[in-house]
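Enquirer: These are the residues of each chain, in order.
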Amino acid sequence: ETGVTQSPTHLIKTRGQQVTLRCSSQSGHNTVSWYQQALGQGPQFIFQYYREEENGRGNFPPRFSGLQFPNYSSELNVNALELDDSALYLCASSLANSGLFNEQFFGPGTRLTVL
Amino acid sequence: GENVEQHPSTLSVQEGDSAVIKCTYSDSASNYFPWYKQELGKGPQLIIDIRSNVGEKKDQRIAVTLNKTAKHFSLHITETQPEDSAVYFCAASRSGGYQKVTFGIGTKLQVIP
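For the record, the sequence lines run as chains A and B.
Here the first sequence is numbered in the working numbering, starting from 1 and rising by one per residue.
Here the second sequence is numbered in the working numbering, starting from 1001 and rising by one per residue.
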């Protein structure tokens, strides 16, 4: 069984640029959630993808967008980067059955620094 | 929306002692409460979880209790070891159209050998 993987591990961008982060789900999982974790804080929910559609979103602006692919892997895109976007971005996968969501398993994260 | 408060923010215990971390939640509809351990440079790792139809759950040295009436849940680690040193997060979520997990701010646990 393969765990959740994310790429890249680290990334440095400048303000105003765009970034794409990638996530491969754990084998057998069909749901992907993305979280932003600022230094010294708990992860904050960005959005969730199920069956290739966004089916829930936290308090993040539209410049945060995502995709889920048929193999359940996912991308997080952030446009017009701001300094406050500097954080650890975490992907978590889970298996949804009959509308019930089970435990989420996290990847190691991508550390994004915006200069 | 859901709000999860966690305390203490830091906790130091001697090796072999017990550690207790407490959380409260605001959304009475929350029905799933996972606990995560995060080591430096890694993503959160699920260590134990509890659903709202259960009051207590144990897994070796780790136990979690849930009081739905008071909206409190707690993590208990017995016989602590240096490798237990990490940041621990409580979280709450509910079944529904999607699963939004709301995390506490985290507790940095230091086990002193």
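Rather than coming from a laboratory, the hints here were simulated on the basis of the structure.
Since this is a predicted model, take the numbers as computed values, not measurements.
Cβ coordinates follow ideal geometry from the N, Cα and C atoms, glycine included.
There may be inaccurate statements among the hints.
Interface residues of chain A toward chain B, partial, derived using beta-carbon atoms under 10 Å [unchecked claim]:
id: 1; residue: G28
id: 2; residue: S33
id: 3; residue: P43
id: 4; residue: Q44
id: 5; residue: Y50
id: 6; residue: P62
id: 7; residue: F69
id: 8; residue: P70
id: 9; residue: S73
id: 10; residue: A87
id: 11; residue: N102
id: 12; residue: R111
id: 13; residue: V114
If you want the ones that stay clear, here's a sample from chain A, every Cβ over 10 Å from chain B, calculated [as the list claims (entries may be wrong)]:
id: 14; residue: V4
id: 15; residue: I12
id: 16; residue: V19
id: 17; residue: Q41
id: 18; residue: Q48
id: 19; residue: E52
id: 20; residue: S65
id: 21; residue: E82
id: 22; residue: D84
id: 23; residue: S86
id: 24; residue: S94
id: 25; residue: Q104
id: 26; residue: L115
Enquirer: For each hint, tell me whether it holds in the structure or not.
Expert: Hint by hint, here is what the structure shows:
The interface hint given for G28/A is violated, since its Cβ lies 16 Å from the closest Cβ of chain B, which is over the 10 Å cut-off. A least Cβ separation of about 7 Å between S33/A and chain B falls short of the 10 Å threshold, and the interface hint therefore holds. Of the supplied interface hints, the one on P43/A holds, with its beta-carbon coming within about 5 Å of a beta-carbon of chain B, less than 10 Å. At a threshold of 10 Å, the smallest CB-CB gap from Q44/A to chain B is about 7 Å, leaving the interface hint in force.
Interface restraint check for Y50/A: the shortest CB-CB distance to chain B comes to about 7 Å, inside 10 Å, so the restraint holds. Interface restraint check for P62/A: the shortest CB-CB distance to chain B comes to about 18 Å, outside 10 Å, so the restraint is violated. Because the closest C-beta pair between F69/A and chain B is about 18 Å apart, greater than 10 Å, the hint is violated. A least Cβ separation of about 20 Å between P70/A and chain B goes past the 10 Å threshold, and the interface hint is therefore violated.
Taking 10 Å as the C-beta contact cut-off toward chain B, the hint placing S73/A at the interface is violated, the least distance being around 16 Å. Restraint check, A87/A versus chain B: the minimum CB separation of about 13 Å is more than 10 Å; hint violated. A cut of 10 Å between beta carbons decides the hint on N102/A: the least distance to chain B is about 9 Å, and the hint holds. The interface hint given for R111/A holds, since its Cβ lies 9 Å from the closest Cβ of chain B, which is under the 10 Å cut-off.
Taking 10 Å as the C-beta cut-off, the interface hint given for V114/A is violated, the closest approach to chain B being about 20 Å. The beta carbon of V4/A sits about 8 Å from the closest Cβ of chain B, which is not more than 10 Å, so the claim that it is off the interface is violated. At roughly 17 Å from the closest C-beta of chain B, the C-beta of I12/A stays outside 10 Å, upholding its exclusion from the interface. Every CB of chain B lies more than 10 Å from the CB of V19/A, the least distance being 18 Å, so the non-interface label holds.
Against the 10 Å criterion, Q41/A falls within the reach of chain B, whose nearest CB is about 6 Å from its own CB. Interface exclusion of Q48/A from chain B breaks down, the closest Cβ pair being 5 Å apart, not more than 10 Å. The Cβ of E52/A lies farther than 10 Å from every Cβ of chain B, with a closest approach of about 14 Å, so its non-interface assignment holds. With a least beta-carbon separation of about 16 Å from chain B, S65/A lies farther than 10 Å from that chain, consistent with its non-interface assignment.
With a closest Cβ-Cβ approach of about 22 Å to chain B, E82/A is found to remain outside the 10 Å limit, as its non-interface label requires. Non-interface status of D84/A relative to chain B is upheld: no Cβ of that chain comes within 10 Å, the nearest being about 18 Å off. The claim that S86/A lies off the interface holds: its Cβ sits roughly 16 Å from the closest Cβ of chain B, which is beyond the 10 Å cut-off. Under the 10 Å C-beta cut-off, the non-interface status given to S94/A relative to chain B is violated; the minimum distance is some 7 Å.
Not every C-beta of chain B lies more than 10 Å from that of Q104/A, the closest at about 6 Å, which undercuts listing it as non-interface. At the 10 Å boundary, the C-beta of L115/A stays outside the reach of chain B, the nearest C-beta of that chain being 21 Å off.
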